[in-house]
Each structure stands twice: as C-alpha cells, then as structure tokens.
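Asks: Heads up: the protein sequence lines correspond to chains A, B, C and D, in order.
One point on numbering: in the working numbering, the residue at position 11 of the first sequence is 11, and numbering is uninterrupted.
One point on numbering: in the working numbering, the residue at position 136 of the second sequence is 476, and numbering is uninterrupted.
One point on numbering: in the working numbering, the residue at position 59 of the third sequence is 739, and numbering is uninterrupted.
One point on numbering: in the working numbering, the residue at position 292 of the fourth sequence is 1303, and numbering is uninterrupted.
No wet-lab data here; the hints were simulated from the structure.
A hint or two may mislead.
[To be verified] Here are some of the chain C residues that sit facing chain D, going by a computed Cβ distance under 10 Å:
#, residue
1, Thr694
2, Val696
3, Thr835
4, Phe840
5, Val849
6, Asn871
7, Thr873
8, Tyr885
9, Met887
Owing to the predicted nature of the structure, the values given are computational and were not obtained by experimental measurement.
The beta carbon of each residue, even a glycine, is placed where N, CA and C say it ideally should be.
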Amino acid sequence: MTATLEATAPADTKPRMIFGAEAALQALDAAMGEDPTVLLFGEDLADREGGGVMGASKGLSTKYGDLRVRSTPISEQAIMGAAVGAAIAGMRPVAEIMLMNFLTVCMDQIVNHAAKIRFMSGGQTSCPLTIRTMTGVGAGLGGQHSDMLEAWFAHVPGLKVVVPSNHADWTGLLHESIMDDNPVLFVESTLMMRAKGAAAPIGHRLPLGKANVARTGSDVSVIGYGRPINDALAIAEKLSGEGVSVEVIDLRTVAPWDKEAVLTSVAKTGRAVIVHEAVRNFGCGGEIAATIGEELFGQLKAPIRRVGSRNTPVPVSPVLEKAFAWSQSDIEAAIRSTLN
Amino acid sequence: MTATLEATAPADTKPRMIFGAEAALQALDAAMGEDPTVLLFGEDLADREGGGVMGASKGLSTKYGDLRVRSTPISEQAIMGAAVGAAIAGMRPVAEIMLMNFLTVCMDQIVNHAAKIRFMSGGQTSCPLTIRTMTGVGAGLGGQHSDMLEAWFAHVPGLKVVVPSNHADWTGLLHESIMDDNPVLFVESTLMMRAKGAAAPIGHRLPLGKANVARTGSDVSVIGYGRPINDALAIAEKLSGEGVSVEVIDLRTVAPWDKEAVLTSVAKTGRAVIVHEAVRNFGCGGEIAATIGEELFGQLKAPIRRVGSRNTPVPVSPVLEKAFAWSQSDIEAAIRSTLN
Amino acid sequence: MTSPRTSNAPDGDTLVEIYRRAQLIRHCGEQFLKTIRAGRIQAPYYSPRGQEVLAAATMVTLAADDYVVTIYRGLHDQLAKGVPLKELWAEYAGKASGSCKGKGGPMHITHPASGVVVTTGVVGSGIPIANGLALASQVNGDGKIALTSFGDGATNIGAFHEALNLASVWKLPVIFLCQNNLYAEHTSFANGTGCENIAMRAASYGMPGVQVNGNDAVAMYRAAADAVARARAGEGPTLIEARTFRFEGHILGDDSHYIPKEEMAAAIAADPVPALRRQIVAAGYATDEALDAIEDRIVADVAEALAYAIAEPYPDVAELGRDVLDVEIVP
Amino acid sequence: MTSPRTSNAPDGDTLVEIYRRAQLIRHCGEQFLKTIRAGRIQAPYYSPRGQEVLAAATMVTLAADDYVVTIYRGLHDQLAKGVPLKELWAEYAGKASGSCKGKGGPMHITHPASGVVVTTGVVGSGIPIANGLALASQVNGDGKIALTSFGDGATNIGAFHEALNLASVWKLPVIFLCQNNLYAEHTSFANGTGCENIAMRAASYGMPGVQVNGNDAVAMYRAAADAVARARAGEGPTLIEARTFRFEGHILGDDSHYIPKEEMAAAIAADPVPALRRQIVAAGYATDEALDAIEDRIVADVAEALAYAIAEPYPDVAELGRDVLDVEIVP
Ligand SMILES: Cc1ncc(C[n+]2csc(CCOP(=O)(O)OP(=O)(O)O)c2C)c(N)n1
Ligand SMILES: Cc1ncc(C[n+]2csc(CCOP(=O)(O)OP(=O)(O)O)c2C)c(N)n1
Ligand SMILES: [Mg+2]
Ligand SMILES: [Mg+2]
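Throw the hints in and build the complete structure from the sequences for me.
Replies: Have a look at this one:
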C-alpha cells in the first residue's frame, strides 16, 4: 500500500464550483440512492426544518422520505444512541452533530459503544455509522464552537477519523465513510462550508486510510490534513520559486493514518513538517512526528517541526483569533527551519 | 526550574502501609480541614452511603457536615456542572466521577466550561475544581471501565492533568490539586486503590508541573507517569545488575508536563523511552517523544521508543487483558533496543 | 401515570414457563456466586437475586427476535430472553467459546440470536441505543420491537430523558423497563430521586407510564404484554416501572450495609420465586413434583455449563487484533 | 403543574422600570442588528426581539448580587440584569475593553458585578452550572440565589433533566426559567418535544412548575417573584415556563422560513413592548412624555456605547497567553 497520487480536481477542465454544503449533499444523496439502509438524522436536517442549517441535506427528506431522513430534538445522546442501535440492527446511519464541541455531550455513545461494540461482542455486532460534524477557527464563534478535537477520537481504538481538505475529497471521503463497515467520525470545516470549491465528479469515492500526495517534492515533506493542506500547497508553490521542492502529503484519514505514505515521503526528503488546525500540544502531530522520528532515526536531515494552533481556548476577537490559529507563515517558517 | 529529586517514601524509616483509598482520604481530609471552601460530591461518597465505594471519603461527611460532603444521584453532568458553578462562586469543589470512562457523559462541563471559563471571561471568573476519577487495566472490568483517557484532557488548554504513581505522591499531589487555582483532572488507579503502599507524611504536598527523578541514571531515560513508573523502576534495578544505568522520570503532572526536567535528563543520557498505561497510538507519549526529538535533534544516540497498551479496546479475558496492557518486558525491550 | 390493564393474564403454562426461567436465573446466579467466591472464575458479579420473576414474566411476552438491551445487572434478562448457558458461562470465565470470545465479559454479554444485542456497563447508556434498534424496525417495517431494561438510578441520568423524549416524538416501538429495586449502588431511591415514582416521569414525554409490582408474575406479565401490544401496533413507547428488590449487594463483595435490616428481611420474606411456585401449585397449573423436575433439570444444566466454562480454553492472543475494526489489525 | 400566585403585582414604578429595561434591550438589539448588518462589527447575533418584557420583568425581581446564567440568546437577560452597555458593546466588537477583553465574545458575556457570571453557547449547559452557584450560596448561607435561563429546545437535553433532579434533591435556591419561544432553531416546539408544555416536566422532579405568559409583565413578574421568594426562603427550586416568541430568526441571517407567516404576524401584532407601554400609560403610572424621555436617554446611551466599541483598541496579542491558567503561559 502506497500513497495514491490523485488530482483533487475532477476530470473535466472547468469543474463546477460549489459550496461545502453541496459537497456533503452530493455524497449523502449518492449514498442514500445506492443503499436503502442509509439513514440520516440530526437537528433541523429534514426539509420541514429547511434541510439543515447549512443546507447539506436539502431535499433529501423529500426525496427519500421521512422515515429515512429525520430532524431530531436537541438531544445529542439520543441522536448518537439511535445511530448506534440502528447500526447494530443493520442500518448505515449518518448522524449529524451540528458542531464538534457538541460531541462533548455524547462522547459515551461514541467512545464506549460505537467504537467498542464489535470488539466487546466478539465480532457478533458491528456499528457502521458515520458522524458528520463541523468546526474550525476563523468564523468568530469562539471557545465553544471552534475546537478541533480529532486527536481524542484518533486515540480511541475502533474509530476511524476523516478530515477532508477540499470539496472534492469531502464528497469522495464522505461517501466512502458511509459505506465503511466501521464507525467513522467525519469532520467538516465551518469555513469551507461557506466557501466555494471544485465539485467532485459524479460517483467520486476515495479510500479511507490512504493519503494523497497533493504535491510531489524532494526537499521537505509537509504532512497534515484538513484546511492547512491548502496553506501548505500555497507555501510550496511560493517556495518553488526559490528552488525549494516541497512535497505535501494530505492524510485525508487521520485514523488509521497512512504511515507507509508518510514514511516513504520522509525517507525521500529527509525533512518533515507536520501541520494541523488543532491546538499543537498533545495533538495528532505528536503521534506522526514520534513515529517518523522512531522509524527514520538517523535518516533525518533536520528536526521534525510541528505546526498547529496555539495552546489556548479559541478566542473571539479577530486579532486574537488570528494569533491563535496556525498560519501560512508558521508553515513557511517551519519549512525554512528544516532547511538550515 | 529543574526536576525535584525527592524520596517518595516518607521521612521515618518504616512508613505506614495504607490502601490507595487512604492515600486519597488523607489529602481530602487535610484539604477540608485547612480550607472551608473545599466541598466534596459524587456518587455514594457521604457516610450514609458508606463513605465512597472505595472508602476514600469515609468519615468526611460526619466530620465536615452534610453541607460540604454530599452523595449525588447518578447524574455526572449535574455533578460536574455543580462543581463548575460552585468553583465560579469561590468554592474549591472536588467532584468524584467514579470511573474515567464515565467522564464521557460529562465532557461538556469539563472541556467547554471548566477549562475555558477563565479565558472566555477575560479572567473575571476562575474554576478551581478538582475531578477525582479512577481507572486502569488489570481488574477484569473490560472495555467500559478501564480506559486511560488523560491524553484527551492534556489536549485541552486550561486543564491540568495529574496521574500519581504511588501512594505518597497520590496524597501530596491530590492535596496540591485541590488548592490549585485551575481545574485539575486527577486520575487514580483502580488497582492501586486496592493495593497497599507507603503513606505520605502528614501535610505532604507536591508541586504540580514538576517531575520527580525517581531514579538517577546515565545511560537511558525512562519517562512516564502512573503505574508503569513502578515497572520502570523494577527494570532499572534489574538492568543495573548488568551495568546499565537507567534514569526514571516520573512526570507526576501530565499537563503541563515538566519539559525542562525531561530534556535535561535526555540531554544527559542521549536515549529515551516513554511509557504510559494508555493505548500507545495518539497517546501522551507522542507529544513527549516529538518534543524530545525536536529539541534534542542530533544529540540522541538511539530512536526514542514508546511503550503503551495495545491499540484495542480493553478486553476482559485475563490472557487478552495481559496481552493488551503495557508490561515490564515491553519496557525492558524498549530500553535494550535503545542500547544497541 | 396511566395503567391500562387490557392484556389477558398469563395462562397456566405461561406461568410455569415464567417460573422455569426464574428458577434458571436463580440457580445460575447462585452458582456464579459460589464459583466466583471460590476463585474458580474471576469476574465482577452483579446479582439479580430477587428480580428473577420480573425478568422472566417480561421476557415471555417478547418474540425470539425482538431486541433486548440490558445492563451489567443483566443475567436475569439475558437468561429469560434465551441466552444459552454455556456461552454465557464461558464468557464469564473469559474463554474463547464465550458468547463474546472472552472479549466483552459479564458486563457486555451479547447474543444476537436470542435478541440480546447489547449489554452495557455505563448507567443509562443502553436506553438511547434501544431507540436505534426500534428505529431500524420502524424503517424496515419488520415488526420487531426493542425492550431496554435499566435501574431506578438510571432514570436520573441525561440519556434516559433524551431517549424517552425522542422515542415519543418518533413513536418508536420500544419499551422502557425500569427495574426499580430501590437502590442505586448505595443510594436509596428516595435519596437520589426528586419524585415519588418513576412511572410518573412518562408524562414528561407524553407516553404511558405504568407502575407495577415486578415481583408479581401476573401483574408484570400483563404490564409487559400491554406495552408489547402498543409497540407492535405502532402506537409508540411505554415506560414501565417495575418495583422489586435486590437481595445481594450491588456487586459481589458489597454487604448491603446501607440497607436497613428490616427492609432487607421483609423483601427476602416476600421472595418472588417461591411465591410464584406456591401460586402455581395452588392454582393447579403444575404439581410440586413437576416443578421439582424442572428445577433438577436446571441444576444439571447449570452444572454442565460451569464444567464447560472451566474446561474450555482461553482465547488465542491473536484475538486481540480481531474485531477492533472489520479487518484484523496489528494492535 | 402548580400556579401559586402569591406575590403581589408590581407597582407602577416597577412596571416603568420593567419598561425601561425592555426598551433598553429593544434599542440595543436593533442597533446590534444594524451595526452587524453594516459590517461595522463582525459577530454572530441571536436576537431576543420579542422576549424583552420577559427578561425585564424577571430580572427586576432579583437582587444585584443574585447570579444569572444565560445563553447565546442572552442579550435581554444581560441588559435586564445590569451588564453595562459599553463593556457589552466592546465585547461584541472584540475589543480590549470588552467585558471579557474580547476573548469570550457575544456568546460568553460575563460580568460578575451585575451577577451575570456565565453565558454559554452549548444548549442546556448552563443549567447544571446554576446549581453549583446555588450550592455555594447554600453552603455560605449568604442568601444569594441563582437563576438560569434557557430555551424550550434545551429542555430536551440531558443536562436539563439531571440538573432539575439534583436541585430538587438538594433543595437548592435556584430558578429554572424556560423562555419558550416555540422554536429551537428551525424546529417547532411541537415537533421536538413529546409533551404539551414544559411546566409539567417539573413534576418529574417534585418541584413546582409554573406556566406563565412571559410577554405579560405583571404575570411574569409575579411568577418570578414567587420563585424568588421560594428560593430565598430555602424552599427549593422552581421551574417557570414563560411563553414568548422571537421575531427575528434564530441567528442573524436566518429568515424564519420555517415559521408560518400568520404565526409570526400574530406574534408581532402582540409585541409585548408597546403593549406594556399602553398598559403603563392607561394605568397612569407614567405619561407618554416621560416614557419618551426614557427612550431618548436609551437611544443616546446605545449610540454612545456603539461609538465607544468602534473606537476602542483591539486587545494586545499577548492577551492570548493570559487567563488560560492562573499564570500567564507561552501559548
Ligand atoms: C454513568 C455511570 N455512572 C456511574 C456508574 C457506576 N454505577 C454502576 S451501577 C450504579 C448504580 C445503578 O443503579 P440502578 O440504575 O438503580 O441499577 P441497579 O444497579 O440497582 O440495578 C452506578 C452508580 C456507571 N456505571 N455509569
Ligand atoms: C448541545 C448543543 N446542540 C446543538 C446546538 C446548536 N443550537 C444552538 S441554539 C439551538 C436551538 C436552541 O433552541 P432553544 O433552546 O429553544 O433556545 P432559543 O434559541 O429558541 O432561545 C441549537 C440547536 C448547541 N448550541 N448545543
Ligand atoms: Mg437500582
Ligand atoms: Mg426556543
């Protein structure tokens, strides 16, 4: 298994530009059309309530019926529990938890049940559910609406964690997550939801657990997932003008992560920068850096750098929010430091 | 600030041997006696209910009154919320959540409130609460009663996380945690609760954020916290017979961890093994290893090894439970691998 | 709190079957206690002693493929729903032939063939899961219903509240069975719960709430059968509060010091298992001899299951990497 | 559901004060809408338009140092409880002189001096926190009480259930004020909640549950004053369901497409703020001129606060490392 080099833009030359909500909708619609066991529930997502506060499920309750697509009360434990039960009974529920910070009110169902039911039952039951949730810094929503908490879930054996970096991958990975026979946490970006990006081609599916070499390079590997991949690509482009060749590895799946792709890349470049949106301390970057450091000991030309957001709650004031978040210049500085 | 070298045994030559429950009780009693704002609540912990299922609060409701020591319904969100509110109002609540896996039903209060209230209020409110909870593999309690989840909380800015490795530290660190002006998650071991260890001297307090050099050595540094520290000490003793000198650093506080003590030690030995009870993948060991790798690049004589439990839910069958858990031989193998 | 007693009383054969299941629970439980006390098996043990008739009279009202979600104190529910003794014992013993290959243990007994699809150790957590099972039935239109069993203490946790409301809003075919044994670990019902009974909490969700003496086989059967009929007819969920008592401590090792001696003595004097036997014999549904024969058979079966569990091998260590995900991993 | 209306009706001066606070909320809210729409401030805005009288009539019954815990839609509660305009505006604008130094923002307004100690953005999460504040009062014996305000949708989340039960068991001096505006985001009350009203849920916790027209200043005042008296007397918690309506969408940008036009029109026609004014003038408690003067003053104050918020500097970046812990950190 090695990394797949894949164009993230669809085949035709001028891709349709869509909002993030449509990227999600495309996958949800495709999965529901393909498999009658796919169910959707979460707050406000049926058409009676407007098809989701972001419109990511617009039209689906009308198209697939009120039995399969349901708005719920504000009861995340009940939402997640219903997903667990339905999954055990053979369904493929997609539970939407509006924002990632609200996962904190239903962690028990995710961690003690969804993740463990297959193991604890000795393989008699399985839990093929998908949790869609949204988060991210930059929208001025502050401490309780912006956290990236994927490291928690990556630390829970039995869960898969997916964080797309662009609209086409979003569609391809979400569709695959729904069809995956394991519980998957699918983390969407609040800002990408509101931004436009190139649509995926019809039927786009991307394998979980496989990284994407988003840009090939030979001097330094930038490894990450989610929004900062776009910043890494921008900086890679900028540095190429200076003759620095940056390889960008988009993990796509955070757990299980594509160790082979990462090690192959860093073995080639000898330098690594890890980047994620989450707070740096005790984030996923630690695992990746520690693994590279252990596996490629003696082959590295520079210390592995990690870029993440600062070690504070997410502030609201725009100046503080900016200071809090990872940035392109953080990535650039980290890359440069490995080149000295 | 450098690590404190401290005997974990109390001053008198033959320390009193006590159960873990007494180690906790000693700190709770001392803190309550010293400060009338210290409150205790949790399930079954008043004397009417037997003073705690482990007896860790035995006698306290009788001694300090039913206003200050209260049993609660099975309502962890209400318990944690009451702790947050009382802390804001100037109290020092100690909330007991019976087992660490049950933190999953009250994460919102811990993560979105306790950890952030000081920051989000611009310093107007503070939240000096302590969460006592118990966990650990080895008691045959399985997937929903044994997880070590401290990595989650270490990743949340605003929280402190403490995991003692022995009975005397337990008392000293718990007392300090209660008096600390920040929210502290204090993780106790189910098996240590039932085992005897040397009691701390009266009034014992240990600073948070300071590691303990539990054994000095020059060839390799073993860094960790909690129960595996005892295994590291045992292996260090064994290897000393072979002329291998192992330094053992007990972090005591996982967040914020004593980076200086760790770097000082590894700068000296050139070799590091990190060990914790939690599942290895995406555990706290990643952060520590990544930091050492970055800060001491070029000074390491061997790859940094990490020892933790296997990447699965905690199984029940004794053979599987044993295979799941970190072990002394894992630590030994990791140390030896750094010496090649 | 409503009490629409419309279902018929159980007939004689059904009462005898309830008795058989209750005795199976009693003997199996006693043997677990002995075996664990003797150190022949290491397992946490939450005795359902005193709650046998409740479980037996409830589970006879369900079809074989109806779902049951129960808790750590679930031995009675599991046996009454049909989990086979050998797989159960082997699981308690952590053996490879246990129902969960030794991975789940006593707190997570799972046996889909008998409908016991989830056993949980986190208080209240099974309640929302039962909704999901019922939801699947509703979508599939397969007529299956889900029953979730939990304690009095569990009704103070958030999951209970959220799940009952959702079940009501979605009219799910689910039965919420609260086994009110008057204690949650060491805390008495009155000291932990703000209202006088659990059944009345149903009003908050616009669903029927029924209080019943769970130790009375006839009353329990009728209340359960009513709820089953409602669920089966698509009329939505029911909350049943079945009053009962547990004779042993919360968990093996607990001496019930927090229970007044008279309260315990009165409960034991009213032991529902012999009471049911007297009722059956008095009504002429079965003779003492016939009931003895049933009991003898049970004793033999339990002994056989115990011997089996002890003799079976432990799982291979390679099992650790299986069932974490759908494909085997290197753990 | 009980309705013990024992408190006196508010006197004329109190009604005028309620009116003043309601107008303050209205004008301040309108100015926020304008300012944010114009892009002069970037902030999520949850309008309390329509719920002003409810908040004003409630908060006048509290002492200055009583605690209030409110939610993202909390502007009305905050202003009615006395949070000063300038700190509030500066916080919405993310400025250093904001009540939270720009770190918390609109969803986390905190101003201990006026008793507003917590504003939360997670539905239901403030309810258990209010218990803790009340607990501190109970331990200290300082006579303070805590009021927590939340929406109808919040009563379906677990935290609500757990907190009300605990408050009852501990007899805490706390008031649970449900502002039932009939919608939770886009979901109508009837579509999300299994029972007919929220007040009846109090029975599940053995506490009084009162339903009141929150838009009626006199009725709201009396219900709140009753609950305050109960709490102050150590008689424990009360659940108040105050019926109201929100005129703007859930959040700025939401066009209320899910609300039937007639429902919205009827609510706006019954706008509680002008209704209260008519009531005051009709009763002769104040003249139109006097009320105009009050309004003029408010308009000027709001304009001043707006200008202040715009002019003030942003926080220094070094603030990022402060207030994470009790000591400054390198973030
Ligand atoms: C969320 C959670 N909190 C606490 C516990 C610890 N605990 C296990 S059983 C129990 C008591 C449950 O009482 P009840 O619901 O009445 O059931 P019973 O044991 O009486 O059958 C408690 C507190 C738990 N398992 N889960
Ligand atoms: C736990 C949680 N789930 C979901 C949300 C998203 N959300 C924010 S406000 C809201 C509706 C709340 O409705 P209600 O309680 O009636 O209060 P209102 O907004 O009407 O004042 C929702 C679903 C949230 N903030 N927290
Ligand atoms: Mg009970
Ligand atoms: Mg509402």
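Asks: Any hints this thing doesn't respect? Which numbers, in order?
Replies: Violated hints (numbers, rising): 1 and 2; every other hint is consistent with the structure.
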